[in-house]
Amino acid sequence: QKEVEQNSGPLSVPEGAIASLNCTYSDRGSQSFFWYRQYSGKSPELIMSIYSNGDKEDGRFTAQLNKASQYVSLLIRDSQPSDSATYLCAVYTGRRALTFGSGTRLQVQP
Amino acid sequence: EAGVTQFPSHSVIEKGQTVTLRCDPISGHDNLYWYRRVMGKEIKFLLHFVKESKQDESGMPNNRFLAERTGGTYSTLKVQPAELEDSGVYFCASSQDRRKNSGANVLTFGAGSRLTVL
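Going down the list, the protein sequences come from chains D and G.
Position one of the first sequence corresponds to residue 1 (our numbering), numbered consecutively onward.
Position one of the second sequence corresponds to residue 1001 (our numbering), numbered consecutively onward.
Since the hints were made in silico from the structure, they are not lab data.
For clarity, every value in this text was computed on a predicted model and none was experimentally measured.
A few of these clues could be false.
To be verified - For each label pair, taking beta carbons as the anchor points, the in silico distance ranges come out as:
hint	chain 1	residue 1	chain 2	residue 2	range
1	G	P1061	D	R77	39 to 49 Å
2	G	T1018	D	Y51	34 to 44 Å
3	D	R96	G	Q1017	26 to 36 Å
4	D	I18	G	E1052	44 to 54 Å
5	D	L46	G	E1068	20 to 30 Å
6	D	G94	G	K1054	11 to 21 Å
7	G	D1056	D	S69	27 to 37 Å
8	G	K1078	D	G94	28 to 38 Å
9	G	G1016	D	Y51	38 to 48 Å
10	D	N66	G	V1038	28 to 38 Å
11	D	Q70	G	E1052	34 to 44 Å
12	G	S1053	D	R28	26 to 36 Å
13	D	A68	G	G1016	44 to 54 Å
Backbone N, C-alpha and C define an ideal beta-carbon position, used for all residues, glycine too.
Input sequences plus hints: build the corresponding full structure.
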């Protein structure tokens, strides 16, 4: 079992729709959760972090964490073509550095 | 503030040759990490420096890989001799001292060094 699992996609949504990206993790002791966005050929860029159960909103982005289900998600409202990228879920267990999922490729259709 | 800088951006070498990748972290960041992404796979942890000390090198694939961070500033990652399976993008990331950053480990990544071994 992979430590952090994501659907590779591509996830295709029309412009203006809500994009929902999901991630599950295996280590129940995981403490911190991050979403990075990576455009093709560029570095991963942190867009959201979440540390406790519930929702955290930042502009068009909402991160949701459910530790009981070992599940973290990212919602992107009013999706724009510029949101098209690979979204990486990363988990920190406290024992070593961040562990990444393989990423979900999002395509926002104009 | 300058970000994390990596050099070279792309290196093409033949199997058996040596390559050295360099990373300059954000000034003042004690933590420096090397990650690697092989095509189609997830970004995988290689090792973690705290200042000049190796905190965790459990992700280093084998002894052909050598990482150093002399003086606790920039870091180098040497691959010698390179093999075909070493091809991928090598990312460097840095973060502040964890004690100063509750929630831990907000990493800032460099643009990566793409290594192609022929």
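Checklist entry - Where does the structure disagree with the numbered hints, that is, which hint numbers, in rising order? => result Checked against the structure, no hint fails, so every one of them is satisfied.
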